[in-house]
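Novice: Below, each chain spelled out in residue letters.
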Amino acid sequence: MASKLLRCATTVSSFIRASPSSLFSRPRLLSGAASSDPPPSPPPTDLPPPPSPGGGISRNPDRRTSKSSLKDPELAKFSALADTWWDYEGPFKPLHAMNPTRLAFIRSTICRHFGKDPSSPRPFEGLKIIDVGCGGGILSEPLARMGATVMGIDAVEKNIKIAQVHADRDPSTLGIEYCCTTAEKLVKEQRTFDVVISLEVIEHVANPAEFCKSLSALAIPGGATVISTINRSMRAYATAIVAAEYLLGWLPKGTHEWSSFLKPEELVLILQRASISIKEMAGFVYNPLTRRWYLSDDVSVNFIVYGFKCKQ
Amino acid sequence: MVNPPVKNIMLNRLIRRSVLGDSLSVRAPRRSLCGPGEFAKPACAKNGSDEKQRVMTDGGRFDVAIVGGGMVGLALACSLASMPITRHLSVAIIDGNPALVNGICIDKVKPPDPRVSTITPATISMFKDMGAWECVLHHRHAYFDRMQVWDYTGLGYTRYSARDVNKEFLGCVVENKVLQSSLLSCLQENADFSKTVFPSRLASMSSNEHSPMTGGNDFSSGTTSGDLAKLELSDGTYLSTKLVVGADGSKSLVRELAGFKTTGWNYSQNAVICTVEHDAENWCAWQRFLPSGPIALLPIGDNYSNIVWTMKPNESVARKSMDEADFVKEANHALDQGYGPRPTSGFPGSNDGIFSWLKTDSTPSANEKFELPPKVVKLASERMVFPLSLKHANNYVSKHVALVGDAAHTVHPLAGQGVNLGFGDALALSRVIGEAIAVGVDIGEVSMLRKYEAERKVANLSMMAVLDGFQKLYKVDLGPLNILRAAAFSAAHYIPPLKRNIISFASGEQQLPPLFT
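Protein sequence lines correspond, in order, to chains A and B.
All the letters of the first sequence, read from the start, carry residue numbers 1 to 312 under the UniProt record's numbering.
All the letters of the second sequence, read from the start, carry residue numbers 1 to 517 under the UniProt record's numbering.
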């Protein structure tokens, strides 16, 4: 357990260290103080961190941020960071490219689960959804546009600020409640949601089984859960680590550790133990010609599962 | 006919006009252009004395602002109104044409307008889906099920028939004003759909970016104006929108303001168009290639036909001003034995031409003999002259901006494909907007709009290449080339799969030219 925690912490910190500094020269200049720092390693405070697990680690316990609590220079800094996070050609390009495909899966499964009209522009009206590990909010915002009452949580405060600043730009995403906290803490607060979503997070948490139990506790009985992650397969090693991190440079080196990936059957098992039964599973396949992701039966690299919490 | 908000806008505009004088005088300096990739900044409100007296009126916030209420712009609005997932969008249509507010008057007794379009089956099904086709059918229109293409050398001809592809018709010729008014009334009948017509012109466009780099401090003051594009109109109205659609034709101002470059060339050819009358009804589309360009005779209902005649600019000036009787004589000459003989049936030399072995599995029209087009007896409208050019925007989209129709591409009018490509754009864009809404993506987001661009560039460029190729093929009058062209005609006439492919490409049912599929 302790070693796992350590491993997770190194994963996150190595992500920050290895990020290409050139990409963040603009925000660094803006913050002023940091630009006077001569050392070659960029100060980690100026980097938009990856979506962080709501589970394993927590850095800033229970500090809620809201628009009013941010000072003007702070806002300017986070606004610049948000531009980087939300740049479709920027460092989070792979997440942006995958996003419509993930949302298509969520839309169809959640509409079916709650008997909503899939041709409606706001089918999630009346649903309370939590996005665990929301990062800069690239999943939370579309969910809010689709009508849901969204809460986005992330253990890294910087992510929450980025998400908040960006969501404030559009009236349709203004209502998202962002909070720097963890799933465990919300369980203690006895918060519950109709839908619990945690995408590309579980491979970063120290204890996936405990994390799944927390996710389950956040869902109402009969509520839906959607989780996506990377398979522990040789193909995943070749594509998600060797290709994406080292050859294509899509992700900073050290973003993922192969041994912490879960096989689909393992994920199904630990979710079952957390009283979530899986209804559907799909894989994501990338077409380099169209540069788009597609849903498929092939779960050998990226996959997504949808299940419901048993009523008991 | 006129809905209340529109009336108010009209009223506001009238009042403002009378107080401020002609707003056009302040329009010109406000058009500021800048380099590619960024919008022109709206003229600074602090300088210039004329700015002081300008009363800026807030036109409101919209999801989509369509600049240009022509056929393609209105088709986009109709398409958005007809899909359940886009029906809730608020749409602004910006067009200085008063007909959009007052309605388009169509006199059924008068001879048809010379501005017509050849509508393909793909476009017809789009109109049916939007509920606009019923309205077209109430006005003058002409389905045609046959088409004959031949050239002045007399070496070959091709006849196409709808029966070749088991269809009832190849296309339908409709006056542009009928298409426009049908789309408009389809839009007006849809009471649930939120649309506002601004009877004005676009003056400037700016992007409301929230970057602290550009000094956009408004987020710190707590405003949430959103990530929007802002439009200023020549009458002083401003409005903000998630997506600006440039449907403002080949001289698109949206394209210019967004900094999109174009590629293209002029053909140094003009088209003369007019309506003519025959003794009897015409149910076939005719096209004859002449040394200076093609002449097309399209049925438009009753005893009328439409002529689209491509020629050199100096010829067009002469033919526009010449005596009516002389013009009719020249048109008949161009459609029959002018510049060369009539083709004999079949490949030159014999009735059992080189493709005769295919006749066992031939299309119904392969046995059809060459026919002469009906004689023109009278000119029934004014003659209009248009210069021809090919133009293609290098980009169709950027953040908050998309181009449709002639704003994105202008083609040679040969085969009447131009407006069909535009309708194809409108349909594709509305679908992409629907897909963006389905996955909760902001509709002005360039990553989604790129999907529209990728889809339509393939379709538009292949049609442009084919039409341009035809045009170039006929610029040269050379013996061997003439034989090759004649062989191509005969191949198209006698080889059934090729013929079916050509028809299906021209009908808008497949996106790639015949030889690529």
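It should be emphasised that the hints constitute simulated quantities derived from the structure, not laboratory data.
Just so you know, even glycine gets a beta-carbon here, dropped at the ideal spot from N, CA and C.
Treat the hints with care, since some could be wrong.
Lysine-lysine pairs mimicking BS3-like chemistry, simulated, CA-CA at most 25 angstroms apart [as the list claims (entries may be wrong)]:
1. B:Lys457 - A:Lys93
2. B:Lys399 - A:Lys93
3. B:Lys251 - B:Lys177
Chain A side only, calculated, beta carbon under 8 angstroms to chain B, not exhaustive [to be verified]:
4. Thr84
5. Tyr88
6. Pro91
7. Leu103
8. Ala104
9. Arg107
10. Ser119
11. Pro121
12. Glu125
13. Pro142
14. Leu143
15. Arg145
16. Met146
17. Arg169
Computed beta-carbon distance windows for the label pairs [said to hold, decoys possible]:
18. B:Lys369 - A:Ala97: 51 to 59 angstroms
19. A:Ala97 - B:Gly264: 30 to 38 angstroms
20. B:Pro84 - A:Pro221: 31 to 39 angstroms
21. A:Ala97 - B:Asp58: 52 to 60 angstroms
Novice: Can you list which hints this structure breaks, lowest number first?
Specialist: Violated hints: 4, 6, 12 and 21; rest satisfied.
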